[in-house]
Amino acid sequence: MDFRLFLLQRLLSLILVLFGGSIAIFAILRFLPGDPVVVMLGSEYNPEVVEEMRRELGFDRPPPVQYLDWIMGVLQGDLGRSYFLRRDVTDLLLARFPTTLMLASASLVVALLIALPAGVIAAVNKGRAVDHLCRLAALAGVSMPNFWLGLLLIMLFAVNLGWLPAGGFVSPQTDPVATLGHLILPAITIGTAYAATIARMLRASMVDVLRRDYVLVARAMGLRPRVIVWRDAFRNALIPTVTVAGFAFGYMLAGTIITEVIFNIPGVGRMLFESILARDYPLVQGIVLFNVALFVVANFLVDVLYTLLDPRIGY
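Following numbering that gives the first Met the number 0, the residues of the sequence shown are numbered contiguously, the last one being 314.
Derived from the structure by calculation, the hints contain no laboratory data.
Please note: incorrect hints may appear among the correct ones.
[Said to hold, decoys possible] Label-pair distances were calculated between CB atoms; the ranges are:
hint	residue 1	residue 2	range
1	L304	R211	14 to 24 Å
2	L138	R86	41 to 51 Å
3	F146	L6	37 to 47 Å
4	L304	L222	19 to 29 Å
5	D207	A23	52 to 62 Å
6	V49	D174	44 to 54 Å
This one's a predicted model, so the numbers in the text were calculated from it and none came from an experiment.
Ideal Cβ placement from N, Cα and C applies to all residues, glycine included.
Build the full structure now, drawing on both the sequences and the hints.
Written out as structure tokens, the structure reads:
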């Protein structure tokens, strides 16, 4: 298949996913209990003021009309305006996203630093004590909730030992070293769970590759085991592992809500949490649609990366 045709098909599927996601986001928010106008005004309000604000915000119009107005603005790059923060949603996302991107990138680095050696060691020592230990650790990593692990890390390294800050964030323009210190605990919190998933996938792929005929031939030719494992088996085992890592990075970008709230990090996830509590429809819709777009684009890039890892894979 021609590369341009491949890109066109993937872009069309991306647009369809975003369109379906926008409908789901808009509909789910409208089914949530509670009136956003009442939330904004508080417990004491005048019914006339409520109706006036509802008309001002456009809640008096039919939902399909509200959706069309919102989606037409999105197509023009306008995600709406926050009710509570009184700022454009696009500006808020641009201000908060770099922090979330740094957190997700640090989490991916932590996940890969743990997963790649663990997966290879477990596969090479299949059936031995090291393999069972790695699989047990992976199971524990998958089972451990983020919020619980984050609290444990805060108690140990921030409260008891005092080695790292318990929360907050410092801009890298202000102090890069302090930025790194504030990212370590939340990155470990997020990256550990995905490290377990990536390690399990890499182990399974490595075990399969190490049984292939060309690996047996390489061993018969007298090549060193380290060369066979890292040059021949590891690269071929990366194909399915890249898929899992790509999904993981997409989830990291879109799923940092709990971690950002626990560690008081001013990112997109924490802003989404606060906007949900405030029933800030434009901000919630813009953030969730933005997260969907990030996830879809991440998977698109993974598809393209396949051909770099293995030229035999066609478009």
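> Can you give the numbers of the hints that this structure goes against, from lowest to highest?
Replying inline: 5
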